[in-house]
Amino acid sequence: MKKVAVIGGGPAGMQAALSLVQMGLAPVIVECSSALGGKLKDWHQLFPSMTPAHEVLDELTGQIADAGVEVMLHTEVEGVTGQGVTLAGGRKLEADAVVVASGFDIFDARLKEEYGYHIYDNVFTTVDVERMLNKGAVALHDGSAPRRIAFVHCVGSRDEKVNQKHCSKVCCITGVKQAMEMRTLFPEAEIFNFYMDIRMFGPGYEEMYQSAQQDYGINFIRGRVSEASPTIDGRLQIKAEDTLVGRPMKMTVDMLVLLVGMKAGGSNAKFSAALPGGGITLSSSGFVAPVDLFAGNVSSGLEGVFYAGTVSAPKTIGESIDEGAMAALRVAEYLKGRK
Amino acid sequence: MSAIEWGYGINAPRTMDLDRNDIGPAREILAEMPEWGACIACGGCTATCTAGNLTSFNFRRVHTLVKRGEYAGAWAEMNKCMLCGKCRLVCPRGINTRGVVRLIKRKLGDY
Numbered sequence: 000m001k002k003v004a005v006i007g008g009g010p011a012g013m014q015a016a017l018s019l020v021q022m023g024l025a026p027v028i029v030e031c032s033s034a035l036g037g038k039l040k041d042w043h044q045l046f047p048s049m050t051p052a053h054e055v056l057d058e059l060t061g062q063i064a065d066a067g068v069e070v071m072l073h074t075e076v077e078g079v080t081g082q083g084v085t086l087a088g089g090r091k092l093e094a095d096a097v098v099v100a101s102g103f104d105i106f107d108a109r110l111k112e113e114y115g116y117h118i119y120d121n122v123f124t125t126v127d128v129e130r131m132l133n134k135g136a137v138a139l140h141d142g143s144a145p146r147r148i149a150f151v152h153c154v155g156s157r158d159e160k161v162n163q164k165h166c167s168k169v170c171c172i173t174g175v176k177q178a179m180e181m182r183t184l185f186p187e188a189e190i191f192n193f194y195m196d197i198r199m200f201g202p203g204y205e206e207m208y209q210s211a212q213q214d215y216g217i218n219f220i221r222g223r224v225s226e227a228s229p230t231i232d233g234r235l236q237i238k239a240e241d242t243l244v245g246r247p248m249k250m251t252v253d254m255l256v257l258l259v260g261m262k263a264g265g266s267n268a269k270f271s272a273a274l275p276g277g278g279i280t281l282s283s284s285g286f287v288a289p290v291d292l293f294a295g296n297v298s299s300g301l302e303g304v305f306y307a308g309t310v311s312a313p314k315t316i317g318e319s320i321d322e323g324a325m326a327a328l329r330v331a332e333y334l335k336g337r338k
Numbered sequence: 000m001s002a003i004e005w006g007y008g009i010n011a012p013r014t015m016d017l018d019r020n021d022i023g024p025a026r027e028i029l030a031e032m033p034e035w036g037a038c039i040a041c042g043g044c045t046a047t048c049t050a051g052n053l054t055s056f057n058f059r060r061v062h063t064l065v066k067r068g069e070y071a072g073a074w075a076e077m078n079k080c081m082l083c084g085k086c087r088l089v090c091p092r093g094i095n096t097r098g099v100v101r102l103i104k105r106k107l108g109d110y
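Chains as they are written, first to last, in numbering that gives the first Met the number 0: chain A, 0 to 338; chain B, 0 to 110.
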């Protein structure tokens with residue numbers, strides 16, 4: 000049976016492995032962390048249906064277990080070729096094809112120092128909020144309930160200052176979702192979302208945004224927050240321009256949530272550099288660049304190497320799963336007729 | 000002895016301070032008409048506005064200021080509206096914009 004190395008055990012990698020099994024191939028998932036699931040492990044509920052994240056995770060991991068897919072945990076990949084991958088320590092894992100599904104990294108909000116992440120106690124990222132939601136313990140640092148919450152969109156996205164010019168795509172809808180979750184937890188709180196553009200690209204997203212405005216009373220203000228500064232009573236003052244009225248504004252908030260973007264995976268550059276003379280090409284944003292964005296959207300251009308999921312661009316979970324299946328199909332086409 | 004008039008003074012701050020603004024009347028309007036909250040400030044209303052094409056009236060800007068608790072001049076501005084209702088035909092979010100004008104005038108008449 001032909002063997003396919005799948006790098007990464009997130010939604011894209013798991014679906015790729017499942018589809019490869021369906022096609023009579025033998026996938027091996029190589030995962031650097033201690034468990035399958037990728038970033039989905041940290042998530043609480045998924046937009047726009049508010050499906051519990053564990054439902055999706057359990058479904059995929061359950062199928063992986065049922066199919067008996069070989070999984071290598073705690074295993075770093077150092078290099079990729081069409082004949083297999085090089086693991087940390089120089090060990091080779093030979094394969095007939097490779098699916099790179101190594102995902103993305105979360106933007107380090109400390110780089111936007113002006114927002115005070117890890118400087119002030121009550122500045123959080125979307126990931127922190129998901130973890131707090133999972134624990135059922137959303138609160139300020141001192142355990143009290145926030146009276147005024149502000150979300151800052153595009154932190155580490157669409158920002159040349161931190162070398163992240165691309166749009167991370169899913170943060171807008173995540174901001175809408177978390178604002179609604181905050182409203183449910185804190186009915187009396189004032190909630191503001193500061194955005195540059197609101198990008199509601201998916202089914203049900205625009206409807207969710209309108210409901211957030213109309214039914215949940217979330218205030219959306221078009222303007223980028225320039226900075227957060229501490230007040231004498233330990234709260235945070237933020238400044239922005241309300242660009243729709245053309246006037247600067249300021250307000251004090253108890254909780255500041257930064258909608259951190261999706262950054263190119265740290266391993267992309269490593270995979271690319273390990274291949275002198277071509278192979279894996281990176282786009283200017285650092286994500287891997289497929290052959291094209293149409294029929295070749297999961298093809299690397301390097302024989303036997305395919306992509307799935309957020310390794311090539313920010314994507315939703317559904318889109319990542321789609322690409323996992325697509326990559327498996329391309330692998331099967333590639334391997335068909337090869338001895 | 001009176002102070003010397005130098006011919007210049009200190010400008011009032013232009014910053015909207017949401018800690019000081021009284022958001023109560025805006026909340027009352029929203030409570031009566033939650034659909035007002037769904038505005039995405041596209042400006043369709045203002046583009047078609049007959050009054051806005053002939054005077055300095057900018058419905059989108061004035062009602063957004065009201066939402067932030069900036070009421071000064073809002074009632075007088077809203078009086079420029081002729082209540083023709085073209086804005087309502089244009090609004091992509093289906094907001095009763097004409098109703099918003101009337102509600103703002105009613106709530107802020109004595110502000």
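Note that these hints are calculated values from the structure, not bench results.
Cβ atoms here follow ideal geometry from the backbone N, Cα and C, with glycine treated the same way.
Incorrect hints may have been included.
Which bits of chain B does chain A cover? Going by a derived footprint, with three or more residues having C-beta under 8 angstroms, they are [claimed, not checked]:
no., stretch
1, 47–56
2, 80–87
3, 96–104
Pairs of lysine-lysine, DSS-like flavour, derived with a Cα cap of 30 angstroms [stated by the list, open to error]:
no., chain 1, residue 1, chain 2, residue 2
4, A, 249, B, 106
5, B, 104, A, 249
6, A, 249, A, 91
Results of checking the hints against the structure:
1. 47–56: violated (count 0)
2. 80–87: violated (count 0)
3. 96–104: Per the Cβ count (0), the hint is violated.
4. 249/A / 106/B: 25 angstroms, holds
5. 104/B / 249/A: The given pair, whose Cα atoms are some 26 angstroms apart, holds under the 30 angstroms limit.
6. 249/A / 91/A: Given pair residue 249/A, residue 91/A is violated - Cα atoms ~57 angstroms apart, limit 30 angstroms.
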